[in-house]
Amino acid sequence: MAEKLIKPEELAQGIKHTTPGGDWRDEKTELKRGCFNYGAQPSSTKYLGLPNVRKWQPMHDDWQLPENWKEIIIKGLADRLKRFRSLQVFMDICVRCGACADKCHFYIGSGDPKNMPVMRAELLRSIYRNDFTAAGKILGSIAGGRKLTVDVIKEWFYYFYQCTECRRCSVFCPYGIDTAEITMIGRELLNLLGLDIDWISTPAANCFRTGNHLGVQPHGFKDSVDFAVDDLEENTGVRVEAPINKKGAEVLFVVPSADYFGDPHYFGFLGYLALFHEIGLDYTLSAFASEGGNFGLFHSNEMMKRLNGKIYAEAKRLGVKWIIGAECGHMWRVLHQYMDTMNGPADFLEVPRSPITGTVFENAKTTRMVHICEFTADLIKHNKIKLDPNRNNHWKTTFHDSCNTSRAMGLLDEPRYILNKVCNHFYEMPENTIREQTFCCGSGSGIGTDENLEMRMRGGLPRANAVKYVHEKHGVNLLSCICAIDKATLPPLLEYWVPGVEVAALHELVGNALVMTGEKDRTTDLRGQEFVNNGKEGSEDV
Amino acid sequence: MHVLSSMFIVIFLMAVVFIGAGVLKWQYLFGVIIPYISIAVFVLGVIMRVLKWAGAPVPFRIPTTCGQQKSLSWIKQNKLEAPFTFWQVVARMFMEVFFFRSLFRNTKAELHEGKNLVYGSDKWLWAAGLAFHYSFLIIILRHFRFFTEPALFFIEPIQALDGFFQIGVPELYLTSIILIGAVTFLFLRRIMIPQVRYISLPADYFPLYVIFSIAATGICMRHFYKVDIVYVKQMVTGLLTLNPVVPEGIGSVFYIHLFLVCFLLAYFPYSKLMHFAGVFFSPTRNLANNNRAKRHINPWNPKVKTHTYEEWEDEFREVMKDAGMPLEKE
Numbered sequence: 001m002a003e004k005l006i007k008p009e010e011l012a013q014g015i016k017h018t019t020p021g022g023d024w025r026d027e028k029t030e031l032k033r034g035c036f037n038y039g040a041q042p043s044s045t046k047y048l049g050l051p052n053v054r055k056w057q058p059m060h061d062d063w064q065l066p067e068n069w070k071e072i073i074i075k076g077l078a079d080r081l082k083r084f085r086s087l088q089v090f091m092d093i094c095v096r097c098g099a100c101a102d103k104c105h106f107y108i109g110s111g112d113p114k115n116m117p118v119m120r121a122e123l124l125r126s127i128y129r130n131d132f133t134a135a136g137k138i139l140g141s142i143a144g145g146r147k148l149t150v151d152v153i154k155e156w157f158y159y160f161y162q163c164t165e166c167r168r169c170s171v172f173c174p175y176g177i178d179t180a181e182i183t184m185i186g187r188e189l190l191n192l193l194g195l196d197i198d199w200i201s202t203p204a205a206n207c208f209r210t211g212n213h214l215g216v217q218p219h220g221f222k223d224s225v226d227f228a229v230d231d232l233e234e235n236t237g238v239r240v241e242a243p244i245n246k247k248g249a250e251v252l253f254v255v256p257s258a259d260y261f262g263d264p265h266y267f268g269f270l271g272y273l274a275l276f277h278e279i280g281l282d283y284t285l286s287a288f289a290s291e292g293g294n295f296g297l298f299h300s301n302e303m304m305k306r307l308n309g310k311i312y313a314e315a316k317r318l319g320v321k322w323i324i325g326a327e328c329g330h331m332w333r334v335l336h337q338y339m340d341t342m343n344g345p346a347d348f349l350e351v352p353r354s355p356i357t358g359t360v361f362e363n364a365k366t367t368r369m370v371h372i373c374e375f376t377a378d379l380i381k382h383n384k385i386k387l388d389p390n391r392n393n394h395w396k397t398t399f400h401d402s403c404n405t406s407r408a409m410g411l412l413d414e415p416r417y418i419l420n421k422v423c424n425h426f427y428e429m430p431e432n433t434i435r436e437q438t439f440c441c442g443s444g445s446g447i448g449t450d451e452n453l454e455m456r457m458r459g460g461l462p463r464a465n466a467v468k469y470v471h472e473k474h475g476v477n478l479l480s481c482i483c484a485i486d487k488a489t490l491p492p493l494l495e496y497w498v499p500g501v502e503v504a505a506l507h508e509l510v511g512n513a514l515v516m517t518g519e520k521d522r523t524t525d526l527r528g529q530e531f532v533n534n535g536k537e538g539s540e541d542v
Numbered sequence: 543m544h545v546l547s548s549m550f551i552v553i554f555l556m557a558v559v560f561i562g563a564g565v566l567k568w569q570y571l572f573g574v575i576i577p578y579i580s581i582a583v584f585v586l587g588v589i590m591r592v593l594k595w596a597g598a599p600v601p602f603r604i605p606t607t608c609g610q611q612k613s614l615s616w617i618k619q620n621k622l623e624a625p626f627t628f629w630q631v632v633a634r635m636f637m638e639v640f641f642f643r644s645l646f647r648n649t650k651a652e653l654h655e656g657k658n659l660v661y662g663s664d665k666w667l668w669a670a671g672l673a674f675h676y677s678f679l680i681i682i683l684r685h686f687r688f689f690t691e692p693a694l695f696f697i698e699p700i701q702a703l704d705g706f707f708q709i710g711v712p713e714l715y716l717t718s719i720i721l722i723g724a725v726t727f728l729f730l731r732r733i734m735i736p737q738v739r740y741i742s743l744p745a746d747y748f749p750l751y752v753i754f755s756i757a758a759t760g761i762c763m764r765h766f767y768k769v770d771i772v773y774v775k776q777m778v779t780g781l782l783t784l785n786p787v788v789p790e791g792i793g794s795v796f797y798i799h800l801f802l803v804c805f806l807l808a809y810f811p812y813s814k815l816m817h818f819a820g821v822f823f824s825p826t827r828n829l830a831n832n833n834r835a836k837r838h839i840n841p842w843n844p845k846v847k848t849h850t851y852e853e854w855e856d857e858f859r860e861v862m863k864d865a866g867m868p869l870e871k872e
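Chains E and G supply the protein sequences, listed in that same order. Numbering follows this note's numbering, in which position 94 of the first sequence is assigned residue number 94; successive positions increment by one, without gaps. Remember, this note's numbering sits 542 above the position in the second sequence when you count from 1.
Quick caveat, the hints were computed from the structure, so don't treat them as lab data. Do not rely on the hints blindly, as some may be mistaken.
Unchecked claim - Listed next, the in silico SDA-like pairs over lysine to any residue satisfying Cα-Cα at most 25 Å (straight line):
id: 1; chain 1: E; residue 1: 75; chain 2: G; residue 2: 845
id: 2; chain 1: G; residue 1: 775; chain 2: G; residue 2: 578
id: 3; chain 1: E; residue 1: 384; chain 2: G; residue 2: 617
id: 4; chain 1: E; residue 1: 82; chain 2: G; residue 2: 811
Next comes chain G alone, as it looks inside the complex (with noise of 0.2 Å):
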């Protein structure tokens, strides 16, 4: 069921822009309000969501260890899994965001003949999130020769690259693909793996379509139903610069690609989405494990009713006497 609501949602929303730009000419406010309120929510929305997180106090000092910590001198403290320091920390974290460090590790088990249990490694998910991930990533820089005018420096090289094999006119970009083939690799995982399947709700769902939409509409705006570069060049700068202009003639596939980017933006805050920012701040990964060297402040430690030796002592006072032990008190 949660396959298809969350479908369902996201043809809903594709048929509202098709209607409101390309049927009624409501423009302006597919190209213009829209964008600019997804941009505030987005950009206060996930800055109230790290404040509130930031605000959090982390009371302990709760580190996951995945390798040998500092101890003796001849003992190799494993600097990435057990981090003691600041800096072991950073690389720790710079592993997990850019690689998927603790993804990587990641095995299946399988119980064999209803006895035996077999692990065996499992990289599918690492190397499809990876994929997804940093074509996304290259994706949003090239379209920045939309945003920028002389092009930055790296949209050069970047295009050339994601462009390398020279296939078709224009020429078909690598990450296009790979995006869309890891999306849709992580959506029928989502379906088949019944375990997976089982743990899914429609806020998993729900992005993937959204994703895999604005992909669609992007590629399909670049090799089928074209677009007017140059109109949505100025379009867009207009945005940017605060002087927003709708030139006629873009679209409505154009129009159904912006408004899904933007409703992604505005998600984005209010979702499962935020794990890019929650990363950093997972106390069992960013601290380091140096709890027993240097002391870490909780800043709400109760105070809290314990036993002290007195009472102790005062309740078993005899029955020491008699066993002969030391007392404080006769």
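This is chain E alone, in the form it adopts within the complex (with noise of 0.2 Å):
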């Protein structure tokens, strides 16, 4: 499956910020292998009724576009434009400044410069100016125009999928232009043709179908809680509970389903069963809203707003008070920006409001979700657990800010507070590479597979660099983060650019160093690694 990658100096070393002489819109782009995502497989097409299945792959001449496919888009377009401000404003306002060329990730680890923002809307743009200014009509090219061929299709497949929608060019853009808006609609018009790729449509279908998007069914989902749980205590000696569909909590806890299955997230999944037990939170886990990730903010609105859905469903089902939502990237970005404007209102919930500490969530009051860092933080600020973070002494910690997270949500500081207290060791990466200025893992958004996997690598040089300017400073060798796609696809790319740093889940970190009432004399973390100087004979460095 896996298309063979060179070493990375090799990768490195062939980079080159160089751009061809003459006009872009002339030059053909060539899709290049292990730079892009395989089609989708019908059957998950077919499920979740998308236009125009068939069997069908990038790297074939013949796409078997639907014989009407010009009219598709240019209709597709026309209809976008009505609806979404963002993209009429955003295609009439650039002033093509460069402010964003050097800041997209794609761009730094693969030097073509059509992977500069700028260029991936000029895209869409050129044909936004052929066929619906009147400039464009008139004088076609010297507008800036060029004319709609299967051509600009595949090249639009290409550079939309090479595309985390992680906005890190939105910071820096004068005009606030982000491309993921771009992205998204470029991808939906994409759609229409029935060009999915099947690491977003499989997702999505089965996720529409059993709840997640491994496709686990309920049953499954209940083994692997209860697995969970059996760990736990092995590791802890306490024996928590964690109840599915129980009627009648306070909580519904979303998580994404990586976070019961995946590894490196799933030790993260086990802090938090340690933290909700050891609290005596009462909440529930759902196995029909087993999912928090939403594969349908890759595709299109409609198809997030189908997804999304059966959380608020399960909320009212199982008549929850408020849901706290798990550490997930893209889940978040759902959550904050979306979800109560295409499922709310919320009214069946309350004003979600901590049992332990009181505290009202102030800025949860309508969407009722609160994400499980400011929940978490809430409790440590107020002394409701008891943390010893000499048990995390073997690490010494970075924290990459997921880019969702961190640019459509502002939740900066609570997991600063949170490492802050329960490890010794925290690094920061250089600052043009964290918060709002973070750089994505490279492979979000849908694209995180096997057969793309030169293009992620290249994506994340960025993010690996800082990570190994803190990894040889300061001997850094644990990369902590809140998504679930970021424990997914920074550890192949952490193990290509800089060997020696693992990935973690920050409640992996909580898991360890919280303190539980009636534990076993525990000598190793949550992984089931012996800790280094776990209190006992005094902290290692001072």
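Hey, can you piece these two chains together into the complex? The hints should help.
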């Protein structure tokens, strides 16, 4: 499956930030192996009721577009121009100043000028100008337009799936032009022709059917949670309860499915279970809403709504008071920016109030959904849990802000507050690479597949480079983060660029440090690794 | 190619005026008809463009948060970069519009020795952009002395400040130099930085040429090829009071200057220059980051096909029963 990948040094040496002469509109884009994703399985697109279901792959010459494809695109674009002010404004006001150019991790790591955010938008803008503006209709190419051809569609496919919708460019744009918006709409247009990629469609279809991306059925979900409960008992000596579909619980807890299946996410899941048990939170998991992550975000706003809908539906059915959402980037982008608009009002829920501290989460007054980091930070601030940071002494940690929680939410200080309380060694990466300027893992927005590995390693270069800096300077050996895609895709990235740095959920470190009532003499962390100087012989460095 | 083609268009335009107003003496056309048309095109065009934007809904609340959100009471919110209230949004927009806040953040990324990424502050574009826009604004305000009798209150102080160094007679305005300098910088950066050259279209060079030419002809009239201010003022006040007159004896340089201004005005609503209005409409900047606290309405919120709990339980009832999970229907 995986494409052959060259050595890191070789890849890095080959990056040239140069541009070809001449007009970009005259160049034909070649789809390079290792830099695109495979087409969707017909079974998935059919299940979701998507258009133009067929067996299709991007490397084939004939993409089997519907006969009236041009009409579909033009109509689709016209429709979206009417529905999205962002699109209309972003099409019109870019001055091509270039401030965004070197802000994109894909441009930095590939040197391909069409990965400059401004160019990615121009791919769509050139068609907009040609077919939707007076100047373009009269002057055509001089006005910056170009004709819509199959090659344009292929170029869109290639580059709109080389954007992780991370919004870093938008931070620097003087007009706030957000390439994520362009990419999202570009993908919606491609999907109208049936140009879906499998790593989005199949998880979306799974999620629609079973409740989670992995297609885990309810009993499998239960098995997995039970297994975690056993694991945790073995590690801590404490038997916790992890209720599923429990009616009348106070809180519904929604996690990304990777948390109870993937590694290293799973250790963070153990951390949640330990924490909720220790504070005695009355909560439930749901097998129906067994996924907070939302691959619909990478497909279309309709798909996002379809997949998101089950969270409120389930909260209503179970009669909970409010909802906590676990560590997950895209999930939180949807929960924070879209959920209430799409599937609200959540008037059947109550304004979240921590039963442990009494804190009312004013910032979640209408969605009634609280981020686990907000919840945990509040607990720590109120001294409701006992923590022994020495138990994380074997880790020298740094923190990776995920794109979505930072640039689409502003959740920056809560995780840092937690981190500073649960471990003794925390080092920030350089300031141009953290907080709102954080670099993407390079594999977000549904493009974290093996066939796309080269592009992922390229896109992740800036992130890895910043990790390498603290790895070499401070001996950092753990990158903590609060995003499921990060946890899935950063390990191979770091293995490629910075061997010797592991990836962990923030709540794994919480789980390690958490002193539980009635726990046994703990000698290992949640991964089963021996504690080093776990407080008994004193801290290793002063 | 784009660099030259747009330059030729501007030269062509200037030649047209030179022949039209200077040689053929169609001064009524260039001094009265075209200014009126261009102002009408500008005003109507801008209004129509703005209405078009305003007519498109903002379905989702999508601010780009560039700082700490408002959350727990003891965590310090960054009110400017993650505004929560209307007035915080106003403050954010103020910083964007008057000080180009986002551009101020600009950095430059460089790959050293083929593997180490280095980021440095890069404020040249910000500085040039700010210099360009503010000197342009002051020059426009200065021009009010041609439009009003008596001169408006702010004109004296602006002129005095602008001519502070009293170089030459009449004294050289600083803003004239700054504008020319900034436009030249913006132009040079466009042709000298390969990435910026690659993304540049004729529509990017064209306004720079036009503005440069307007500034150059303006300076020319003040310092070298003097025009009779009394006639010019007569003409402009005539235009403004809707009693157009075309005094004899105004040279072609003035007509070229005036025509390019008119051309720029008419070109404005159909070009990227609309960023001046568009920045106010950008949903990533003009929305408060209170998404979870305040409900936002999407006027076209689509009805979608969902998978209900009942359907889901119907499909998985047997396996759930076997696993001892709670069910709605046995």
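Structure-based check of each hint:
Simply put, residue 75 of chain E and residue 845 of chain G have alpha-carbon atoms about 20 Å apart, close enough for the 25 Å limit, and the pair holds. Straight-line distance between C-alpha atoms of residue 775 of chain G and residue 578 of chain G comes to about 16 Å, which keeps the hinted pair within the 25 Å bound. Using a Cα cut-off of 25 Å, the hinted pair residue 384 of chain E and residue 617 of chain G holds, with the two alpha carbons roughly 18 Å apart. A distance of roughly 19 Å separates the Cα atoms of residue 82 of chain E and residue 811 of chain G; the hinted pair therefore holds under the 25 Å criterion.
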